[in-house]
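**Student:** Residues per chain are reported as follows:
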Amino acid sequence: MKPTPLSIAAAAGVALTYVRAIYFTPTEAVQGPAQKIFYVHAPSAWVAFLAFFLVGLASALYLWLREERLDRIAEASAEVGLVFTTVVLITGPLWGKPIWGTYWTWDARLTLTLFLWFIYVAYMVLRGAIDDRDMRARFSAVLGILGALLIPFIHLSVYLFRTMHPRPILMKPSAPSLPGEMLTTILIAFAAFTLLYVALLRARYRYAVERDAARLSESRHA
Amino acid sequence: MNNFLGDALLIARKDLAIEFRTRSAFLSVLVFALLGIVIFYFAWDSTAVSAADLAPGVLWVIFTFSGLLGLHRSFGVEQEEGAIDGLLASPVSREAIFLGKAGANLIFVLAVQAIAIPAVSLFYNLPLGGIALPLSAIAILAAIGLVAVGTLFSSMAANTRLSELLLPMLSLPFFVPIVIPAAQATAKLLSGRPVGEAMSWLRLLLAFDLVFVAACMLAYPFTLEE
Numbered sequence: 001m002k003p004t005p006l007s008i009a010a011a012a013g014v015a016l017t018y019v020r021a022i023y024f025t026p027t028e029a030v031q032g033p034a035q036k037i038f039y040v041h042a043p044s045a046w047v048a049f050l051a052f053f054l055v056g057l058a059s060a061l062y063l064w065l066r067e068e069r070l071d072r073i074a075e076a077s078a079e080v081g082l083v084f085t086t087v088v089l090i091t092g093p094l095w096g097k098p099i100w101g102t103y104w105t106w107d108a109r110l111t112l113t114l115f116l117w118f119i120y121v122a123y124m125v126l127r128g129a130i131d132d133r134d135m136r137a138r139f140s141a142v143l144g145i146l147g148a149l150l151i152p153f154i155h156l157s158v159y160l161f162r163t164m165h166p167r168p169i170l171m172k173p174s175a176p177s178l179p180g181e182m183l184t185t186i187l188i189a190f191a192a193f194t195l196l197y198v199a200l201l202r203a204r205y206r207y208a209v210e211r212d213a214a215r216l217s218e219s220r221h222a
Numbered sequence: 001m002n003n004f005l006g007d008a009l010l011i012a013r014k015d016l017a018i019e020f021r022t023r024s025a026f027l028s029v030l031v032f033a034l035l036g037i038v039i040f041y042f043a044w045d046s047t048a049v050s051a052a053d054l055a056p057g058v059l060w061v062i063f064t065f066s067g068l069l070g071l072h073r074s075f076g077v078e079q080e081e082g083a084i085d086g087l088l089a090s091p092v093s094r095e096a097i098f099l100g101k102a103g104a105n106l107i108f109v110l111a112v113q114a115i116a117i118p119a120v121s122l123f124y125n126l127p128l129g130g131i132a133l134p135l136s137a138i139a140i141l142a143a144i145g146l147v148a149v150g151t152l153f154s155s156m157a158a159n160t161r162l163s164e165l166l167l168p169m170l171s172l173p174f175f176v177p178i179v180i181p182a183a184q185a186t187a188k189l190l191s192g193r194p195v196g197e198a199m200s201w202l203r204l205l206l207a208f209d210l211v212f213v214a215a216c217m218l219a220y221p222f223t224l225e226e
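Those protein sequence lines, which keep their order, are chains A and B. When we follow this note's numbering, the leftmost residue of the first sequence carries the number 1, and every step to the right adds one. When we follow this note's numbering, the leftmost residue of the second sequence carries the number 1, and every step to the right adds one.
Simulated from the structure, these hints should not be mistaken for lab results. Any given hint could turn out to be false.
Some chain A residues well away from chain B (every beta-carbon gap over 12 Å; in silico) [to be verified]:
(1) 5
(2) 9
(3) 12
(4) 28
(5) 109
(6) 128
(7) 183
Stretch-level coverage of chain B by chain A, calculated; a stretch enters the list once three of its residues show a Cβ under 8 Å from a Cβ in chain A [unchecked claim]:
(8) 169-176
(9) 216-222
Please read these numbers as outputs of a predicted model, since none were measured by experiment. Even for Gly, the Cβ is constructed at its ideal location relative to N, Cα and C.
Take these sequences, add in the hints, and give me the full structure.
**Tutor:** Right, dumping it as structure tokens:
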């Protein structure tokens with residue numbers, strides 16, 4: 001990946017987030033340093049779901065417009081989203097062990113994120129299992145749309161099942177219940193991770209363009 | 001519209017006629033389900049967990065996996081000798097093909113359930129007399145959702161290189177919002193709670209069915225075109 005202004009800005013943003021979170025944000029009174037993982041965990045979760053939403057959106061638009069670029073956007077967003085979902089699933093248990101006393105629990109949001117990960121993986125495997133480009137685009141678009149429809153149902157069913165995840169402290173109807181300095185840090189983190197997502201999406205998209213072009217010239221020579 | 005349902009019925013009858021004459025899939029899936037019930041018995045410490053606590057899990061795990069086995073065959077038969085091309089060339093709308101295929105699969109899954117549920121009752125010594133009606137309602141609602149999603153994915157997976165592996169991989173995440181409510185509602189009924197307590201789960205199943213039957217039917221034509 002060649003550095004672009006966007007990728008440099010994203011990397012700088014993430015570095016700024018880490019430095020600020022570790023050195024310039026007060027340590028939480030009850031959880032201690034473990035709480036610092038929140039500045040990676042929460043923005044990654046935001047990007048994981050944002051990326052999935054984009055897969056669904058690009059998929060629906062693809063079936064409507066049949067524009068190849070939309071299929072590539074869905075492909076790129078799924079792969080980047082899978083990485084961020086993996087980050088969520090790794091950082092969550094790391095925090096859970098000292099705070100909850102267990103790495104994993106079948107809490108509603110944990111289960112939802114785990115299934116988001118499974119859907120992402122199925123999406124990637126489906127793409128890998130089809131050679132025909134047009135068929136691959138159509139099939140994965142169908143899965144992308146159905147996956148987006150599925151998320152609310154999984155959320156509802158696992159929520160009714162049980163939940164113990166901390167309540168939302170940022171995105172909720174009332175004002176965020178976070179001390180000012182922590183709030184600034186987490187907002188920087190959200191911005192930096194979103195920027196990182198866009199930069200990775202763009203890089204992954206360009207890779208797909210080059211790969212398709214290479215395959216096309218290969219098949220012409222053959 | 002009348003024609004649409006008539007076409008769907010015709011497709012369903014075709015699939016059921018093939019199944020009825022060969023009986024290959026039904027018997028294998030049924031034996032698989034019964035084997036599952038037996039294997040589960042030995043994976044279970046009956047002194048620690050009561051049969052009523054275990055049965056919902058056994059039932060829904062078995063339905064999920066035996067359903068997958070049956071669904072895999074749904075489009076497998078169409079792949080042989082390009083039968084699907086003949087089907088697509090016929091003057092039948094693609095939504096009707098989907099509805100017909102899904103209808104045949106629904107009858108298939110319900111027939112397996114109609115034998116597997118009494119079998120669990122028998123082997124696990126659980127009288128089902130009083131709850132037969134609400135339990136059937138759960139089974140039917142859950143089967144509709146399983147079959148809608150499974151039929152669509154079966155059509156997709158049949159065209160890929162990894163079809164046997166891909167079908168469960170695609171379907172199982174989609175079965176979660178079916179299995180959780182179905183198993184929870186079954187557990188409520190088996191532990192003698194009033195039907196009202198299972199209602200919120202039944203509503204969730206119904207909502208899933210409405211959304212996914214429509215979505216899968218609309219999505220199905222996109223999995224066919226050349």
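**Student:** Determine for every hint whether it applies to the structure shown.
**Tutor:** How the hints compare with the structure:
1. 5: holds (38 Å)
2. 9: holds (35 Å)
3. 12: The claim holds: residue 12 of chain A sits with its nearest Cβ about 37 Å from chain B, beyond 12 Å.
4. 28: Given a closest Cβ separation of 34 Å, the condition holds.
5. 109: Correct as stated: the minimum Cβ-Cβ distance to chain B is 14 Å, above 12 Å.
6. 128: violated (8 Å)
7. 183: Since the minimum Cβ distance to chain B is about 35 Å, residue 183 of chain A lies beyond 12 Å and the statement holds.
8. 169-176: holds (count 6)
9. 216-222: Coverage by chain A holds here, the residue count being 3 at a Cβ distance below 8 Å.
Of the numbered hints listed earlier, the single one contradicted by the structure is hint 6.
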